[in-house]
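Q: One-letter residues, chain by chain:
Number of protein chains: 2
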Amino acid sequence: MIVLALDIGGTKLAVGVVNDAGDVLADAIEATGDAPSADAVVERLLSMARDAVSRSGIAWQELSGVGVSFGGPVDFPSGTTVRCHHLPGWERFPLKDVVAERSGLPATMDNDANAAALGEATFGAARGCPHVLYLTVSTGIGGGVIIGGRVHRGASSMAGEIGHTLVAPDGPGCTCGRRGCLEAVAAGPGIAAAAGRALDAGEQSALSAIPRAALTAKDVAEAAETDALAACIIGQAGEYLGIAIAGAVNLLNPNIVVIGGGVSGAGEVLFRPVREAVERYAVPESVRGLRIVPGALGRRGAMMGAAALALTEGGWSPG
Amino acid sequence: MIVLALDIGGTKLAVGVVNDAGDVLADAIEATGDAPSADAVVERLLSMARDAVSRSGIAWQELSGVGVSFGGPVDFPSGTTVRCHHLPGWERFPLKDVVAERSGLPATMDNDANAAALGEATFGAARGCPHVLYLTVSTGIGGGVIIGGRVHRGASSMAGEIGHTLVAPDGPGCTCGRRGCLEAVAAGPGIAAAAGRALDAGEQSALSAIPRAALTAKDVAEAAETDALAACIIGQAGEYLGIAIAGAVNLLNPNIVVIGGGVSGAGEVLFRPVREAVERYAVPESVRGLRIVPGALGRRGAMMGAAALALTEGGWSPG
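Here the protein sequences line up with chains H and A, keeping their order. Heads up: the first sequence is residues 90 to 408, going by the working numbering. Heads up: the second sequence is residues 90 to 408, going by the working numbering.
No lab work stands behind these hints, which were simulated from the structure alone. Treat the numbers as computed from the prediction; the structure is a model and nothing was measured. Glycine included, each C-beta is placed from N, C-alpha and C at the ideal position. Check the hints yourself; a few may be wrong.
What the hints assert, rightly or not - For each label pair, taking beta carbons as the anchor points, the in silico distance ranges come out as:
| id | chain 1 | residue 1 | chain 2 | residue 2 | range |
| --- | --- | --- | --- | --- | --- |
| 1 | A | PRO407 | H | ARG388 | 40 to 50 Å |
| 2 | A | GLU357 | H | ASP289 | 42 to 52 Å |
| 3 | H | SER126 | A | PRO407 | 40 to 50 Å |
| 4 | A | GLU314 | H | ARG369 | 51 to 61 Å |
| 5 | H | ASP112 | A | GLY178 | 52 to 62 Å |
| 6 | H | PRO278 | A | ASP259 | 48 to 58 Å |
| 7 | A | GLY285 | H | PRO278 | 37 to 47 Å |
| 8 | A | GLN150 | H | GLY237 | 52 to 62 Å |
| 9 | H | ASP128 | A | ASP259 | 29 to 39 Å |
Claimed, not checked - Derived, one-sided and incomplete: chain A residues facing chain H with beta-carbon distance under 7 Å:
| id | residue |
| --- | --- |
| 10 | HIS241 |
| 11 | HIS253 |
| 12 | THR254 |
| 13 | GLU374 |
| 14 | VAL376 |
Turn these sequences into a full structure, and let the hints steer you where they fit.
A: Shown next, in the form of structure tokens:
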């Protein structure tokens, strides 16, 4: 079975032609840029898709379906986007139906965190695991919950919002308007801001060589192997991630926790404090046997998840 | 379809003969007392059951199956108990197989929090709701997660342990050996201890008329309508419950949250701060339409859940 996968993100548009073994037969990626409207984005994606399908050597008619990953909240049952945090024109856009009509293929659509969770569960780090907790940690923190191999979406397609777990009651303000959410203290901007505050307070660190306005979480993570302040700040972010993950582990008892997104690229300097905090704050019976690992699909996670969505809707199930 | 339901608790043993409309045709309840062994408890329950079946006017052969609720952790796939917090002799006891063999009926078994969650979802406050978060708040705090009408048990039958969510980082010690768990600050003993600490610190309250060693959460809840200190303490417990529930609501986006157990009997004085905290700490899209309600089955929750387990295993599904 071969499907088309479309990924609509705030910064990039991606398409892939993917078979049920998870092989990418052809793909393409472009910067989202100043997309004038939802319609125009769909047109661009389908144009990229026609090109990729032609490069893949298969005919459009051989595609079993199309899966779409969208970078914002969606209403899954109706296949409608709610809004996009980065682009205008996506309020209540019937993305699933529009893609189905213009592609002539059965379509399915979900938000990017759910898609990436399903991608990791189907083709990535959580392959073969029935119960998966997925987090993506980058400029924000999203999540996805896989129960028995299927995406758990909840009453209004909002499940997985682990980024707004309260972890620091007196902590910094969050994009959602509240204080002390996980996202406010452990996503990229929160890590950079914590480093900035420490430097402002006069802490000694190699990070002080970087102009304050340019300082990113990546800088902090890269310095953390050798710089005490950077290690402390990444450790604190890992501890907060671990506290939120521990609560989710207590509730869900997953087989595996997969952490993707740019910040997860920090590697062991981040994963070590995450694992230590989960061991400290989750019930031992649920920690025993639990794996906490980086995503295996990188920036392709949401696209591979869109492929997995299309494959699953087409009646396929992982062997 | 008619089933037998058995409930093994630390303080009481209950049996019920229950049909698929949720009618209890006959039941019985006894104090657990000094049960000498797991085998002896099963014998007593089956003796109570034979009596109840005979009173119900049906024949044993008309029973489709037997469901068992157990007051402690279990390994669901093998039908084995892990241990009982209150009674000796339950380490790795093959409860499901023993009940099946001695009753001559197909048996199924789960822990009491999962059973009560399924009971409320099938016959109680959450009837008709696919996604349910259930908490039982009494001497401890347990929980159960219903996804798509089915109990979510997780990788090692440990899902639902919301009582050990970290909510008060510098809070009092918990029975689990850690500090600041929800159970430590919002279960009955934690509420009574908070009242005791406030009285020791010289706070004025009608509660000071009660001998300190006899002070219970029930006393605090009953005083809370008219007494400022009691209202503050119940409000604080409600806030902590709300923080943990908000995290679970963000993650699971349930249709309904059901709170059972003795402490939930406090009523609105507790539910009001719980709802306020959930509104404050959960994402608005998941709070919209969410109901947070007391359990409808009271002390019969686990028994009705055992009946629902047996009915479900027998192929029945709620209409």
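Q: Compare the structure with each hint and give your call.
A: Structure-based check of each hint:
{"no.": "1", "hint": "A:PRO407 <-> H:ARG388: 40 to 50 Å", "in the structure": "holds (44 Å)"}
{"no.": "2", "hint": "A:GLU357 <-> H:ASP289: 42 to 52 Å", "in the structure": "holds (47 Å)"}
{"no.": "3", "hint": "H:SER126 <-> A:PRO407: 40 to 50 Å", "in the structure": "holds (45 Å)"}
{"no.": "4", "hint": "A:GLU314 <-> H:ARG369: 51 to 61 Å", "in the structure": "violated (39 Å)"}
{"no.": "5", "hint": "H:ASP112 <-> A:GLY178: 52 to 62 Å", "in the structure": "holds (55 Å)"}
{"no.": "6", "hint": "H:PRO278 <-> A:ASP259: 48 to 58 Å", "in the structure": "violated (27 Å)"}
{"no.": "7", "hint": "A:GLY285 <-> H:PRO278: 37 to 47 Å", "in the structure": "holds (44 Å)"}
{"no.": "8", "hint": "A:GLN150 <-> H:GLY237: 52 to 62 Å", "in the structure": "violated (35 Å)"}
{"no.": "9", "hint": "H:ASP128 <-> A:ASP259: 29 to 39 Å", "in the structure": "violated (54 Å)"}
{"no.": "10", "hint": "HIS241", "in the structure": "holds (6 Å)"}
{"no.": "11", "hint": "HIS253", "in the structure": "holds (5 Å)"}
{"no.": "12", "hint": "THR254", "in the structure": "holds (5 Å)"}
{"no.": "13", "hint": "GLU374", "in the structure": "holds (5 Å)"}
{"no.": "14", "hint": "VAL376", "in the structure": "violated (10 Å)"}
Of the numbered hints stated above, those contradicted by the structure are hints 4, 6, 8, 9 and 14, listed in ascending order.
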